[in-house]
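Asker: Chains as they are written, first to last, in this note's numbering: chain A, 1 to 222; chain B, 1 to 222.
Any given hint could turn out to be false.
List of simulated lysine to aspartate or glutamate pairs, DMTMM-like, C-alpha gap at most 20 Å [unchecked claim]:
no., chain 1, residue 1, chain 2, residue 2
1, B, K55, B, D163
2, B, K55, B, D168
3, B, K108, A, D150
4, A, K208, B, D168
5, A, K108, B, D163
6, A, K108, B, D162
7, B, K55, B, D162
8, B, K55, B, D90
9, A, K55, A, D162
10, B, K108, A, D90
11, B, K208, A, D150
12, A, K108, A, D90
13, A, K55, A, D163
14, B, K108, B, E86
15, A, K55, A, D176
16, A, K55, A, D31
Calculated directly from the structure, the hints in this document are not laboratory data.
Number of protein chains: 2
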Amino acid sequence: MEQRRYSIAVLGGTGPQGTGLALRLAAAGHDLTIGSREAERARAVAAELTARVGKTIQGSDNRSAAQGGEIVFLTVPYAVQRGTVEGVLDVLHGKILVDTTVPLIPPKVGTVQLPRGQSAVAAIQQLAGSAVRVVSAFQNVSAQHLNELDHPVNCDVLVCGDDRPACDSVIGLCADIGLRGFYAGPIANSAAAEALTSVLITINRRYKIAGAGIRITGLLKP
Amino acid sequence: MEQRRYSIAVLGGTGPQGTGLALRLAAAGHDLTIGSREAERARAVAAELTARVGKTIQGSDNRSAAQGGEIVFLTVPYAVQRGTVEGVLDVLHGKILVDTTVPLIPPKVGTVQLPRGQSAVAAIQQLAGSAVRVVSAFQNVSAQHLNELDHPVNCDVLVCGDDRPACDSVIGLCADIGLRGFYAGPIANSAAAEALTSVLITINRRYKIAGAGIRITGLLKP
């Protein structure tokens, strides 16, 4: 089956999670635009990424990026997650929004501190309503490993969402960059992936490693 | 290092999670008593388990079991978790309580539905106070696989608790039965393991497998 080539925007794409995903998705053949609050900063980082991956990655402000993307990734810190989505909500109509947000609250980032509604990503689906196909994914993948293009990423991706075809599209993007994505349930289940990130941070510290991840076991065909 | 041999009680030990853990811990050389609300039922199941494992497993009511155990496991359904602990609280003083509870709310057991305080096990630590050393563990391990003694259990154990030496003791018990236990943070982090169980149930259904589990990756010494 031929791989579908998408125009993908990465909002907050100048941070480590954003650059890592943009690099990997561009290397897999997709057309990438990274967004930032400052278009100039986005263009500067995009130029660096373009040099690294050998394929043009565009940079623009978050809003223009969201407008141009068929699929929009959100890779901003939790503190600005809601505000960033509110600023582009009207141009997300009908699109898949892949929200990678983890509700980490410094300084205790190794302690699970889920928001009142339990999932930071489910809150965005509630905000956006059914017009936006919100999918939760990539919370547990090490940004550091994503950015090292020659480093295999030894982590599965839990993909949650109320829109199953949208989840399947994101599972396809996982496969494009060499990761196994698993349908992990409705958007409420994003709480599991979000909470797990603090556990992985704790394990990194306790066992003095970088980039702990998870693999799903028990599959008939591993 | 010689393995310490413990007297271990398993409250609610006639259910699948309880029998599986009792079998594995007895096979590893520990002295097991399974508890039940009805002592007669506990004794009947204990006799079956004894025959299977070739080592005596005792059966009694939950209270007597808790009294006799140095380490007490809790393997009851969420609906009776709190009541069961309240009934034995006075005999748990100073002991390690290994709470395996997952807050599944039928019929939607594949959907994360964490309690208001986020973690069912953290709620027990709050109830018990500092006199009881509550450790959260074994939420993600397939009861079915635990019960098949010749089936290797391909799943790591997330171990959470506010009492680090107690967590280390439970990580030791994991090793005794051939599992890798990881210190996964304070008792609040139990929310991650609890939520993950609904994700694994969803994966079992979606991918038509039994007993999906997780492995931690990224370790220097795998």
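Asker: Each of the hints needs a verdict: does it hold here or not?
Answerer: A quick look at each hint next to the structure:
Of the pairs offered as hints, the one joining B/K55 and B/D163 is violated, with about 31 Å between alpha carbons and a cut-off of 20 Å exceeded. Proximity of B/K55 to B/D168 is assessed by CA-CA distance (about 26 Å); at most 20 Å being required, the pair is judged violated. Using a Cα cut-off of 20 Å, the hinted pair B/K108 and A/D150 is violated, with the two alpha carbons roughly 41 Å apart. Restraint check for A/K208 and B/D168: the C-alpha separation of about 17 Å stays at or below 20 Å, so the hint holds.
With a C-alpha separation of about 18 Å, the suggested pairing of A/K108 with B/D163 holds against the 20 Å cut-off. With a C-alpha separation of about 14 Å, the suggested pairing of A/K108 with B/D162 holds against the 20 Å cut-off. Distance check on the hinted pair: B/K55 and B/D162 sit about 34 Å apart at the alpha-carbon level, beyond 20 Å; violated. Proximity of B/K55 to B/D90 is assessed by CA-CA distance (about 30 Å); at most 20 Å being required, the pair is judged violated.
With a C-alpha separation of about 34 Å, the suggested pairing of A/K55 with A/D162 is violated against the 20 Å cut-off. Simply put, B/K108 and A/D90 have alpha-carbon atoms about 33 Å apart, too far for the 20 Å limit, and the pair is violated. Restraint check for B/K208 and A/D150: the C-alpha separation of about 34 Å exceeds 20 Å, so the hint is violated. For the suggested pair A/K108 and A/D90, the alpha carbons sit about 34 Å apart, so the restraint of at most 20 Å is broken.
Simply put, A/K55 and A/D163 have alpha-carbon atoms about 31 Å apart, too far for the 20 Å limit, and the pair is violated. Distance hint between B/K108 and B/E86 is unfulfilled; the C-alpha atoms sit about 27 Å from each other, more than 20 Å. Between A/K55 and A/D176 the CA atoms are separated by roughly 16 Å; this keeps the pair inside 20 Å, and the hint holds. Restraint check: the Cα-Cα separation between A/K55 and A/D31 comes to about 9 Å, which is no more than 20 Å; the hinted pair holds.
Comparing the model with each earlier hint shows violations of hints 1, 2, 3, 7, 8, 9, 10, 11, 12, 13, 14; every other hint is respected.
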